[in-house]
Amino acid sequence: MATATAAGTQVPKAGPPKAPKRTFRPRTLVIAVSAWALAAIFLAPYLEMIITALRPKEELRDRTYLPQNLDWANFVDVWKESDLGNNLQVTLMVAGGATLVVLLVSLPAAYYTARVRYRGRKFFLLLVLVTQMFQPTALLVGLYREFHQLDMLNSVWTLIICNSAFNLAFAVWILTAYISSIPKELEEAAMVDGTSRFGAMVKVTLPLALPGVVTAVIFTFITSWNEFVMGLTLTTEPDKQPLTVGINNFIGNYTVQWNYLFAASVVAIVPVIILFAVIEKHVVSGLTAGSVK
Amino acid sequence: MNRRAVAVGAATLAMALGVTACGGDSGGGDSKTIKLVAADYGDKASNASKIYWKDVAKDFEKSNKGYKVDVQVINWNEIDKSVKNMIQAGNQPDLLQTGGYADKVADDLLYKADDVLSAKTRKNLIPSFAEAGEVDGTQYGIPWVSSSRVLFYNKKVYEKAGIKSPPKTWDELAEAAKKIKSSKAADTPYALPLGPEETQGETMMWELGNGGGYTDDGGKYTLDSKQNVETFEWLKKNLVKPGLTYSNPASTDRKTAFADFAAGKVGMLNGHPSLIQMAKDGKVDYGVTTIPGKDGPLKSTLGVADWMMAFKDGGADKEGVKKFLDFTYSKKMLKFDEMYNLMPVTQDTLEEMQGNGKHKDLEPLFKELPNAKFYPLGDPAWDVVSAEMKKTGGKAATEDPKKVLGDLQKKAEEAAKSK
Amino acid sequence: MSLKAPPSPAPGRGRAGGGPRRPTSRRSGLARLGPLPWIAPVILLILAVVVWPVIELIRTSFLNISIAGIVRGNAGSDKYKKLFEETDFASVLLWTVLWTVVVVSVTMLLSLALAQLFNQRFPGRRITRWALIAPWAASVLMTAIGFKWMLNQTAGVLNTVMLDLGIIDKSRDWLGSPGTAWPWMMAVAIFVSLPFTTYTLLAGLQTIPHDVYEAATIDGAGSWQTYTGITLPMLRPAFLVGVVINLINVFNSFPIIWAMTQGGPGYDTSTSMVFMYKLKETDIGESAAMSVVNFAMVVVLVLIFLKVSRWNEED
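Sequences listed follow chains A, B and C, in order.
For the first sequence, position 158 (counting from the first letter as 1) is numbered 158 according to the UniProt record's numbering, and the numbering increases by one without interruption.
For the second sequence, position 44 (counting from the first letter as 1) is numbered 44 according to the UniProt record's numbering, and the numbering increases by one without interruption.
For the third sequence, position 266 (counting from the first letter as 1) is numbered 266 according to the UniProt record's numbering, and the numbering increases by one without interruption.
Worth flagging that the hints you see were computed from the coordinates, not collected in a lab.
Because the structure is a prediction, the values reported are computed rather than measured.
C-beta: ideal position from N, C-alpha, C; glycine also.
It cannot be assumed that every hint is accurate.
What the hints assert, rightly or not - List time: in silico BS3-like cross-link candidates among lysine-lysine, alpha-carbon distance up to 27 angstroms:
1. B/K160 x B/K181
2. B/K312 x C/K280
3. C/K170 x B/K184
What the hints assert, rightly or not - Distance windows between CB atoms, simulated:
4. A/F75 x B/K58: 25 to 35 angstroms
5. B/E159 x A/E280: 55 to 65 angstroms
6. C/D164 x B/K160: 18 to 28 angstroms
7. A/P271 x B/E230: 49 to 59 angstroms
8. A/N154 x B/M339: 21 to 31 angstroms
9. B/D171 x C/G179: 30 to 40 angstroms
10. B/K58 x C/F84: 46 to 56 angstroms
11. A/L29 x B/E159: 54 to 64 angstroms
12. C/S77 x B/E363: 56 to 66 angstroms
The shape of chain A in the complex, shown without the other chains:
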């Protein structure tokens, strides 16, 4: 679709593009129009969710683009009529907890692996890579049986641990790559001065690795926030389930309450989209770090 010219592929500087002073060239116009059209396509499904969330029950099965009346009460009802409040709390705890655990566990491992050539380093990286290849869907029965034996079903901790484990691989990998790209002379100097390796990591390397850390954090948070399959299997009590499972419960036995379902979905999606939008430029720089080497 778009072909590159030398001018067009200039490495963009981070930050909002400066308003061009020249008048638009036709080519820029074509690009802008197609990009805007694509953006619309990408947002359309979510817009339709918002519209459906505002549809009164009677208009749910009407073939209209917009409802005649907007039923804002759906958003209120959905809070009253479900465990959404609890679900939201569970999801916040799980996503937050998993992010914290992943960070605490993966940062030292990634740092050490990036800096030191130890026996079993290859094996460790392979283990991490292989873990990355597995997703919880395939392991459901095993997961359930394990956590039942530990008597830890319906527990936020279980979800935190599981989400941490399945997000670890990516974090270790990206952090190892990122830290490898940071010159080690600085921390070596610190260590000569008597700082321990751990101290050097925290004081010297960590601040420099911040973009990589941000990427890992965001990825873990969002994946855990959106996780569905493990939540579905490892929790059975409605008030202990994460948001995704709670929303799925709107698909009931006799009816699907589409308006409530999407009202709840909007509640679940909006914070993440905002979060993502805020850190958009870190996403690119983090991914860049990951794939340079």
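Use these hints to put chains B and C onto chain A, whose structure you have.
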């Protein structure tokens, strides 16, 4: 919280050392704690079954000092899976209220109904339901709620299409559907939901109309009998091909059909009591009649019951379970039935509901109840057979019925062999 | 995330936890333990949440478990035999391959174009890039449910749009039959895969040094020549990352199909992952056997890619 964290740490450590945790078998709690797992019949927080059971538990605990009832209510979509997981992990409840029981009998997990019901409670059960709870002549399943199936039709649609009276035979039904289609009175003249949600229900309602069904008198599966194959050939030729129903019945769920009917977009369909409230909410003026058969209305329609059952290894003492069941069945039946507009399984509640004038809507369905036919619920293989039907049975209406039903029959025979 | 192992520190410096020129006498107890304190938590978590369930699964696939969930003894290889004899087994595998290949390749192609587009300078670039993120940020499950609703025969907005545009003459049940359900589900899978892939490629584009292009312009290369001669080869690492991550995600994908068709009618729209989940309803042992087969396929996938990327070669 802290203890959990320690437990996690310990467990992880144990794992690392290669120690395998042994399967917990305690069932949790002492013999005075009755653990009840039940399905959620509600569709929102305000009518969740949890509310009902919490109330039952509270009242029971008040009049039976020392007992505690631990209630867990699970969504219908999840309950079978959850229960299976509980059993597999050796963590059985004392009481379970769900859709089927016979598979648990096969594993010898349940008390006989006699063991956990007083004679009075037992006699109060409507006989046809009590019988449906039997496996090889012994009752294990205790009926909980019931429903019978009838044909619902949209009066306005009928009027617009010029249909004078509801159909009594298949041909009349097809004729009426054609009229609805040609007059454009409704998007879907007849809603045929053969999707995974209730394949086994819609299938049986049609097969009964041709003298077919799931088993012969000896209890052997006859899923691909001549009558059954004929039934699907008729459906395919007279409803599906001419476009008188959904174009993909095999993937259309009952809830879609119900929602469409409640939105006035369906001319007629087979339904059960829940549809009454939905139709009212949707302001649809509906009528009900006995489901048509090939040559005349069904003599016995499909009856569906949900079940209560008591596990031997739940951990609570049998007397407590018995007390709780007697309490619930004698004092709390009506409340549940009225809460969800379902039909009772005990004689006194049936009399009460027929007599108190609050349930005129249910009259035609009550009428069908005594003669209702059931799934082969007492067969331990039925759960597998029904699950297989849900997966592939609907395809009989669009593909080769003989092949689809033949495959199912093979699976059923296999399941019956290994039960 | 690179396919190659992150580069090792140069040999001879920092062996076994000791810093260079670090006096041995000052080594703390922590350092003497070597890598363990640093990497043990990661390994423990992986053992507990990934390895343990895998072992449990393999064990289950050799057991005879009744539908109620009671273990009735050893099944030997019966469950595998039963699985391979399923009428739909072959077609499910075929569709799994087709699903994975189509979704991944279309995703990669579209992402190349999208990355190129969004790498240009134009007014509103930030906002449009932000919009591109939406399917990534939203849960896959919710997006899939959203599409199911939009494709609803009675009231779905996509049906309405197509009716109004005259593409179809009457509202259709797109998800009801496999012929139309597959393309739609693939479209949704591509839709949710695009953001991550595009961003990975965008990141790759940023690593291409500016002067390479200047040199090309001086040499008089055209746009297309520049793209195929310079951009594409230099994008290779990012592209490979995209391919691998997508292969894994798409092969393992469950919520899209589960939310949209539940793999039906029958097993006509099931991938092996959905097939496994549906088998769970009738035979846990057989379902575990399917899991093991899935597991094996993922392992093969991993091995192939380790080989393709020559993971073992040091720099």
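Q. So does A/F75 sit 25 to 35 angstroms from B/K58, Cβ to Cβ?
A. Once the Cβ atoms are compared, 32 angstroms apart, the range 25 to 35 angstroms for B/K58 and A/F75 holds.
Q: For the range 18 to 28 angstroms, tell me whether the beta carbons of C/D164 and B/K160 fit it or not.
A: holds, 26 angstroms
(Q) For a C-alpha distance cap of 27 angstroms, please report whether C/K170 and B/K184 respect it. (A) Answer holds: C/K170 to B/K184 is near 13 angstroms, not above 27 angstroms.
Q) Taking the CB of B/D171 and the CB of C/G179, does the distance hold inside 30 to 40 angstroms? A) holds, 32 angstroms
Q: Could you grab the alpha-carbon distance between B/K312 and C/K280 and see if it respects the 27 angstroms cut-off?
A: It holds: about 25 angstroms lies between the C-alpha atoms, which stays within 27 angstroms.
Q. Measuring from beta carbon to beta carbon, are B/K58 and C/F84 in 46 to 56 angstroms?
A. holds, 53 angstroms
(Q) Does B/K181 sit within 27 angstroms of B/K160, going by the straight-line distance between their CA atoms? (A) At roughly 11 angstroms apart (the allowed maximum being 27 angstroms), B/K181 and B/K160 satisfy the hint.
**Q.** Satisfaction of the hinted span 55 to 65 angstroms by the C-beta atoms belonging to B/E159 and A/E280
**A.** Because 59 angstroms falls inside the window, the suggested range holds.
Q.
Tell me if the beta carbons of A/N154 and B/M339 are separated by a distance inside 21 to 31 angstroms.
A. holds, 26 angstroms
(Q) Tell me if the beta carbons of A/P271 and B/E230 are separated by a distance inside 49 to 59 angstroms. (A) Holds, since A/P271 and B/E230 (Cβ atoms, about 57 angstroms apart) stay within the stated range.
Q: Look at the Cβ atoms of A/L29 and B/E159 and judge whether their distance stays inside 54 to 64 angstroms.
A: holds, 58 angstroms
Q) Using the C-beta atoms of C/S77 and B/E363, is the stated range 56 to 66 angstroms upheld? A) Given a distance of about 57 angstroms, which is inside 56 to 66 angstroms, the answer is holds.
The structure agrees with every numbered hint stated previously.
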